[in-house]
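Undergrad: Each chain is listed here by its residues.
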Amino acid sequence: MNVRRRRGGVVRPGATGVCRGGGIYLALLVLSIMVVVLPLGASSLEEQVRQVTAELRCPVCQGLSVADSPSRMANQMRDLIRERLQAGESPEAVKAYFVERYGEWILLAPKREGFNLLVWVLPFLGLGGGAVVLVVVLRRWRKRAEAVPASVDVDPAYLDRVRREMAQDQS
Amino acid sequence: MKKVLIPLSVLPILFLLAYGFWTDPSFVPSPLIEKPAPPFALTLFDGGDLSLDGLRGKVVVVNFWASWCFPACYDEAPVLEGAWRAYKDRDVVVVGVNVQDTEKAAREFMDRFQFTFPNGPDPQGKISIDYGVYGIPETFVLDKEGRIAFKHVGAVTANVLTTQIEGLLRRAPQVEESTGGHEREA
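As you go down the protein sequences, you meet chains A and B in turn. Just so we're aligned, residue 1 is where the first sequence starts under the working numbering, counting upward by one. Just so we're aligned, residue 1 is where the second sequence starts under the working numbering, counting upward by one.
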C-alpha cells in the first residue's frame, strides 16, 4: 500500500512532467511540420514558375520542356511566366495564354479531353487486351496438355516395368 | 482466324506509321490565323518608335528574323526589302522584328541587305512569344483590319509574299463593293 502510494506520489509529478514535456515536443513537431509543409502549400513563386515551365514545351527545342531547356527562348519564356505570375495571374491562366498563342502543341502533355483521351486510355486497353489474349492462349495450351496423355497409348507391360523400377529405387 | 488477326493487328500500325511519316512534325498550325494581331511597339534601330496600332488600315507584313539565322533569313531578306519598295506607296508596310540577336550583328545584317523598312529588336522576346513564334524566320501578313491573315514559316519567297499582299489589297475593297451591290439591289 505504502509503496504503491509512494509510487503513485512519485509517478504523479513525473506524469505531469512527461505531459508537459510531451506538449513541448508536440508543439515542436507541429512547428517543424508547418515549417516544412507551409512553403509547399503556399507554393512560392519559384515553385509555381517551375511547375508551369515543366508543363510547357520549349518551342525551339526537340521535345524539351521550358524548365529543362537552357536556350535563350526558354529563358525569355521563364521570365515572362514569372512576370505574369507575379502580376497575380494563376498558373492555369499563364498556361492558357501560351495555348492561345501556340496552340495545344505547347503543352507537353495533351489535355485529357476529346480525341486526346485515346492517348490516356489506349495503353490500358492494350494492357487489358493483352491479358485477355494471354488467358485465351494459356487455356488453349492447358487443354492441349490435358488432351495429350489421353491420346498416347502406353504399353501396359512397359508401364509395369517403370513402376517396378521406381519402387526398387525408392526401397 | 489467323488470316484475319494478322492484318487486323498490322493495319492499324501501318496507318499510324503512314500518318507519322506523312505529317511534318516541324509544322505547327498557328491558332492565330484570322485572329486580331497582338499589338506591339518597337523601338526602331534607326531611332523612332513604331506601334502596330498606328498601322491600322494598311496591309502589314511582320517578319521575325535574326542575323544568325542562316541561310533562311539571308534568302528572304532581299524579298522583304523588294516587297517594301514595291508596295510602300500602296498602303503596305513591312516591319522587321529582330529576335535573340546582338545590336551589332543586326545592324550589320541590315546594312548588308540595305534594309529601308522599319526594323527593331524584341529584347525580351515578348513580341515573338505573343505571335507564337517557334522558329526563325517567320512571316505574318496582317489585313487592313489588323487580323492575321497568313503565316509563313521559313524563308518567304517573292511569289508567296506578292500573292498574299495582292490578295489582301484586293480583298478589302471587294467586300465594300459587294455590300454596296446588295444595297442597290434592295
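Keep in mind that the hints are not guaranteed to be accurate.
Claimed, not checked - Pairs of lysine-lysine, DSS-like flavour, derived with a Cα cap of 27 Å:
hint : chain 1 : residue 1 : chain 2 : residue 2
1    : A       : Lys95     : B       : Lys88
2    : B       : Lys3      : A       : Lys111
3    : B       : Lys3      : B       : Lys151
4    : B       : Lys104    : A       : Lys111
5    : B       : Lys35     : B       : Lys2
6    : A       : Lys111    : B       : Lys144
7    : B       : Lys58     : B       : Lys3
8    : B       : Lys88     : B       : Lys151
9    : B       : Lys58     : A       : Lys95
10   : B       : Lys58     : A       : Lys143
11   : A       : Lys143    : B       : Lys35
12   : A       : Lys95     : B       : Lys3
Claimed, not checked - Residues of chain B clear of chain A, computed beta-carbon distances all greater than 10 Å:
hint : residue
13   : Pro38
14   : Thr43
15   : Lys126
16   : Ser128
17   : Ile129
18   : Gly132
Treat the hints as calculated values from the structure; they're not laboratory data. Note that beta-carbon positions come from the ideal geometry of N, C-alpha and C, so glycine has one too.
Undergrad: Indicate, hint by hint, whether the structure satisfies it.
TA: Here's how the hints hold up against the structure:
This hinted pair does not check out: Lys95/A and Lys88/B have alpha carbons roughly 38 Å apart, beyond 27 Å. Proposed proximity of Lys3/B and Lys111/A is contradicted: the alpha carbons are some 38 Å apart, above 27 Å. Among the hinted pairs, Lys3/B with Lys151/B is inconsistent with the structure: their alpha-carbon atoms are about 48 Å apart, more than 27 Å. Annotation: proposed proximity of Lys104/B to Lys111/A is violated, straight-line Cα distance about 43 Å (limit 27 Å).
A hinted pair counts as satisfied when its Cα atoms are at most 27 Å apart, and Lys35/B with Lys2/B does not qualify at roughly 53 Å. A hinted pair counts as satisfied when its Cα atoms are at most 27 Å apart, and Lys111/A with Lys144/B does not qualify at roughly 35 Å. A distance of roughly 64 Å separates the Cα atoms of Lys58/B and Lys3/B; the hinted pair therefore is violated under the 27 Å criterion. At most 27 Å may separate the alpha-carbon atoms for a hinted pair to count; Lys88/B and Lys151/B meet this at roughly 20 Å.
Taking the CA atoms of Lys58/B and Lys95/A, the gap is near 32 Å; set against the 27 Å cutoff, the hint is violated. Under the criterion of a C-alpha separation no larger than 27 Å, the hint pairing Lys58/B with Lys143/A is inconsistent with the structure, at around 80 Å. A hinted pair counts as satisfied when its Cα atoms are at most 27 Å apart, and Lys143/A with Lys35/B does not qualify at roughly 66 Å. Between Lys95/A and Lys3/B the CA atoms are separated by roughly 49 Å; this puts the pair beyond 27 Å, and the hint is violated.
Annotated as non-interface, Pro38/B brings its C-beta within 10 Å of a C-beta of chain A; the closest such distance is 8 Å. In this structure Thr43/B is separated from chain A by more than 10 Å, as the shortest Cβ-Cβ distance comes to about 17 Å. Annotated as non-interface, Lys126/B brings its C-beta within 10 Å of a C-beta of chain A; the closest such distance is 6 Å. Under the 10 Å C-beta cut-off, the non-interface status given to Ser128/B relative to chain A is violated; the minimum distance is some 8 Å.
Not every C-beta of chain A lies more than 10 Å from that of Ile129/B, the closest at about 6 Å, which undercuts listing it as non-interface. Distance to chain A contradicts Gly132/B as a non-interface residue, since its nearest Cβ pair spans about 4 Å, not more than 10 Å.
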